[in-house]
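J.: Since the structure of chain S is provided, determine the placement of chain F on it from the hints.
The chain contents come next:
Protein chains: 2
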Amino acid sequence: MADRIKIVLDEKEIPREWYNIQADMPTPMKPPLHPGTLEPIKAKDLEAIFPMNLIEQEVSRERWIKIPEPVMEKLALWRPSPLYRAVNFEKALGTKCKIYYKNEGVSPAGSHKPNSAIPQAYYNKIAGVKRLTTETGAGQWGCALSMATQMFGLDLKVYMVRISFDQKPFRKIMMETWGAKCVPSPSSDTEVGRTILKEFPDTPGSLGIAISEAIEDAISSKNTKYSLGSVLNFVCLHQTVIGLEAQKQMKIAGDYPDIVIGCVGGGSNFAGIAFPYVCDKIHGKKLRIIGVEPTACPTMTKGPFVYDYGDTSKKTPLLPMHSLGHAFIPAPLHAGGLRYHGLAPLVSQLLQDKLMEATAVSQVECYKYGVLWARTEGFIPAPETTHAIAVAAEEAIKAKEEGKAKNILLCWSGHGLMDLAGYEKYFSGKLTNYHMPDDEIKKSLTNRLIIV
Amino acid sequence: MADRIKIVLDEKEIPREWYNIQADMPTPMKPPLHPGTLEPIKAKDLEAIFPMNLIEQEVSRERWIKIPEPVMEKLALWRPSPLYRAVNFEKALGTKCKIYYKNEGVSPAGSHKPNSAIPQAYYNKIAGVKRLTTETGAGQWGCALSMATQMFGLDLKVYMVRISFDQKPFRKIMMETWGAKCVPSPSSDTEVGRTILKEFPDTPGSLGIAISEAIEDAISSKNTKYSLGSVLNFVCLHQTVIGLEAQKQMKIAGDYPDIVIGCVGGGSNFAGIAFPYVCDKIHGKKLRIIGVEPTACPTMTKGPFVYDYGDTSKKTPLLPMHSLGHAFIPAPLHAGGLRYHGLAPLVSQLLQDKLMEATAVSQVECYKYGVLWARTEGFIPAPETTHAIAVAAEEAIKAKEEGKAKNILLCWSGHGLMDLAGYEKYFSGKLTNYHMPDDEIKKSLTNRLIIV
Chain S
252 MADRIKIVLD EKEIPREWYN IQADMPTPMK PPLHPGTLEP IKAKDLEAIF
302 PMNLIEQEVS RERWIKIPEP VMEKLALWRP SPLYRAVNFE KALGTKCKIY
352 YKNEGVSPAG SHKPNSAIPQ AYYNKIAGVK RLTTETGAGQ WGCALSMATQ
402 MFGLDLKVYM VRISFDQKPF RKIMMETWGA KCVPSPSSDT EVGRTILKEF
452 PDTPGSLGIA ISEAIEDAIS SKNTKYSLGS VLNFVCLHQT VIGLEAQKQM
502 KIAGDYPDIV IGCVGGGSNF AGIAFPYVCD KIHGKKLRII GVEPTACPTM
552 TKGPFVYDYG DTSKKTPLLP MHSLGHAFIP APLHAGGLRY HGLAPLVSQL
602 LQDKLMEATA VSQVECYKYG VLWARTEGFI PAPETTHAIA VAAEEAIKAK
652 EEGKAKNILL CWSGHGLMDL AGYEKYFSGK LTNYHMPDDE IKKSLTNRLI
702 IV
Chain F
252 MADRIKIVLD EKEIPREWYN IQADMPTPMK PPLHPGTLEP IKAKDLEAIF
302 PMNLIEQEVS RERWIKIPEP VMEKLALWRP SPLYRAVNFE KALGTKCKIY
352 YKNEGVSPAG SHKPNSAIPQ AYYNKIAGVK RLTTETGAGQ WGCALSMATQ
402 MFGLDLKVYM VRISFDQKPF RKIMMETWGA KCVPSPSSDT EVGRTILKEF
452 PDTPGSLGIA ISEAIEDAIS SKNTKYSLGS VLNFVCLHQT VIGLEAQKQM
502 KIAGDYPDIV IGCVGGGSNF AGIAFPYVCD KIHGKKLRII GVEPTACPTM
552 TKGPFVYDYG DTSKKTPLLP MHSLGHAFIP APLHAGGLRY HGLAPLVSQL
602 LQDKLMEATA VSQVECYKYG VLWARTEGFI PAPETTHAIA VAAEEAIKAK
652 EEGKAKNILL CWSGHGLMDL AGYEKYFSGK LTNYHMPDDE IKKSLTNRLI
702 IV
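Chains S and F, in that order, give the protein sequences.
For what it's worth, our numbering labels the leading residue of the first sequence as 252, then goes sequentially.
For what it's worth, our numbering labels the leading residue of the second sequence as 252, then goes sequentially.
Same shape as in the complex, but just chain S (with noise of 0.2 Å):
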């Protein structure tokens, strides 16, 4: 064969350990704030919400954390996910780059969310945990902890945020498959549901709220705790097989990465990649490491780096991170996993190091790119995805015009099968872009927040 464009690695290859990015970083993480004290918080204050076993992962240091032996099992099932070289995508460009992809979208949920849905009803199965609740956006993250609820027989319950409970009609049915119960959000379930919807009935919803309901109804209800797909250390640090597996696998292609690429949303496929060559960097290696968010939220260009909320309602410690303010409700666009107004802390104290770059893009813009990845490479990107794909075609496409050839490597973080609505409405030339005013930003930013 001409050109090798697949790199499998066998399954005893799978990471036995995950990177723990906090042993490396040259700040230390600032605490999380208790909501009503604004004192960092103690490990106990978490126990309402987490298992114990979670928590001590949320704070630890170690530079290598051991993959429990059932986690490893359940992983397999999919893992090592294989890196692709883009070649056709390249040729369509023009350009000279190597552009690589780990694909994350072969795993039975389609994206890369198993890798930290896993893990969570693992560790609250041991813990003795009977039921969990979660939130949800495109529905990425609801799918994927359905399926592994039901692997470690837990009850699930989602809270889908309205607008892609909307746009995205059958991930409810997958998330029932795997038998999870899933309502759109704002839902008339809990108390901060009734009351954003008595204020604001046709509310697009937004993550922020959809985590205030799971986290009240987790808080209100027996043996129940609740799992959040992104965000926190522990869902950064369970998501780094991505890039520990494709650093072996770029080793095998004979190539080092001059970009590493990931779409941030809060921020986890895109630790999953970029922390194990965040790691590189700090130790002296020459890369750029770029995270890519939609205009319409931007909360790493234009949101400022502060103490904030991770919920609407206030229900969350207050974090160190990047954010729009917790009352931030982004525009309706059809990546509905990076309508976040947050970003995880420890993507933010990296972009407030410069150990990393953030750039944003526009909504029609990765749709282009997404559709031309569908017609030369095949598998169809979620929109997500696109995000990351944008910007590595622009950067080669920059690389072409200076006349130099360079290695990218972006996470493929999902398949769009679910998501094809989206793609309809680009065909149609409905499909229109949202980018955040500076002005309603600042509007958003005034609500109590706590500056670092």
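The set of hints was computed from the structure by calculation and includes no laboratory data.
Among the hints, a few may not be true.
Same chains, same label: a pair holds when it works inside one copy or across any pair of copies.
Here are the computed lysine-lysine pairs in the DSS-like style, where the Cα-Cα straight-line distance is at most 25 Å [to be verified]:
hint, residue 1, residue 2
1, Lys502, Lys263
2, Lys349, Lys263
3, Lys376, Lys342
4, Lys432, Lys681
5, Lys499, Lys257
6, Lys263, Lys499
7, Lys553, Lys295
8, Lys655, Lys619
9, Lys536, Lys649
10, Lys532, Lys317
11, Lys263, Lys694
T.: Okay, now just chain F, sitting in the frame of chain S:
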């Protein structure tokens, strides 16, 4: 890791040749008949719809046919597909049988169909064809050919059976994302479509009608040929990569199958998994090979072995096959890929020669096992695939009752992410069974059919 659940082969293990069962069949194949003269058809009579290179494959008796390098390169996008052991499904059934499945759902189109779509697009391309037409039932074939024609720079128009078009609205967008055009069939774009719509405006359509439309379009358009996703000898040939890989993987697993199972519409995924094992059987190996069809379209179990047309409007050659009659319109079950009146002549002959068995299962039974599969194995199966799963489960349960432990291998032909409406109906209790009464079949068969 406790049990080895996944066997992945290296890219260089993709078969380099297709296996042609015609070289080994005890009974030579009867020739197709010309629809006008009813005489054995000549190769050049087929040239109006197929390029000569594919016609040569159709009639070849060579045991091994080399896979062209450009086809190999495209297949390598997802092949070799993984072989899994369904350990958790086994546990749920309480059986000691080992159930292996070949996961063809990992292709970008989500099913086994690209195995033939890619070579068909390639052979048409090198024959100078510019545009293809085709039919599709559930949409798996239409999507696969959309991707393949895009890869080789051909235009494509897909006639999609109306009932599936309505049940699976996102299939059309998927095809468009790959650059193809898709219309519901019967359509007003062809003479045959208009005629049928006039008489039966509410018809759910059938594969037979859609084939008639696609052929009419191909014959009456410039530089256009017709492409078929099943039934023909060369389609079965292309699919044998499935069984050839499975044989290598079963050897690594250290087991030989006692039973090989595939669902059967036109017969292509079944041929793919089964033919290399039929070869073993012809040469003395003891094993059972089972084709599974829906009770609503019982071509193998109730249709006689006759000469019949492949399409409704009698445009195709007459093929020696099991058939319910070319005018047969199957009930609107969700497994749209199994709604075909006929059966691949190669599979029909093997059934005649008792080298395989046939069985029929009802829709509700299939979904029951499909849901159990999703909840134990993670991957959500296509409605077609649930037919193979249901019979694997029934065989495993029977073995348990007999105190036996068998090795069962099934072709997991595709995922069901585009077919979730059927699951929704199942959960709501609204899914019904369709059994084809014998007198209706008799009525359908009174149409002009030539008994072999």
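J.: Evaluate each hint against the coordinates.
T.: Hints and how they fare:
1. Lys502 to Lys263: both (17 Å within a copy, 19 Å between copies)
2. Lys349 to Lys263: between (27 Å within a copy, 22 Å between copies)
3. Lys376 to Lys342: Between copies only: 19 Å across, 48 Å inside.
4. Lys432 to Lys681: between (32 Å within a copy, 19 Å between copies)
5. Lys499 to Lys257: Both: 13 Å inside a chain and 20 Å across chains, each within 25 Å.
6. Lys263 to Lys499: both (12 Å within a copy, 19 Å between copies)
7. Lys553 to Lys295: neither (34 Å within a copy, 67 Å between copies)
8. Lys655 to Lys619: This pair counts as within: shortest intra-copy Cα distance 24 Å, inter-copy 56 Å.
9. Lys536 to Lys649: Within. Shortest intra-copy distance 22 Å satisfies the 25 Å Cα cut-off; inter-copy 61 Å does not.
10. Lys532 to Lys317: This pair counts as within: shortest intra-copy Cα distance 23 Å, inter-copy 48 Å.
11. Lys263 to Lys694: Intra 52 Å, inter 59 Å, cutoff 25 Å: neither.
Hints 7 and 11 from the earlier list are contradicted by this structure; the remaining hints agree with it.
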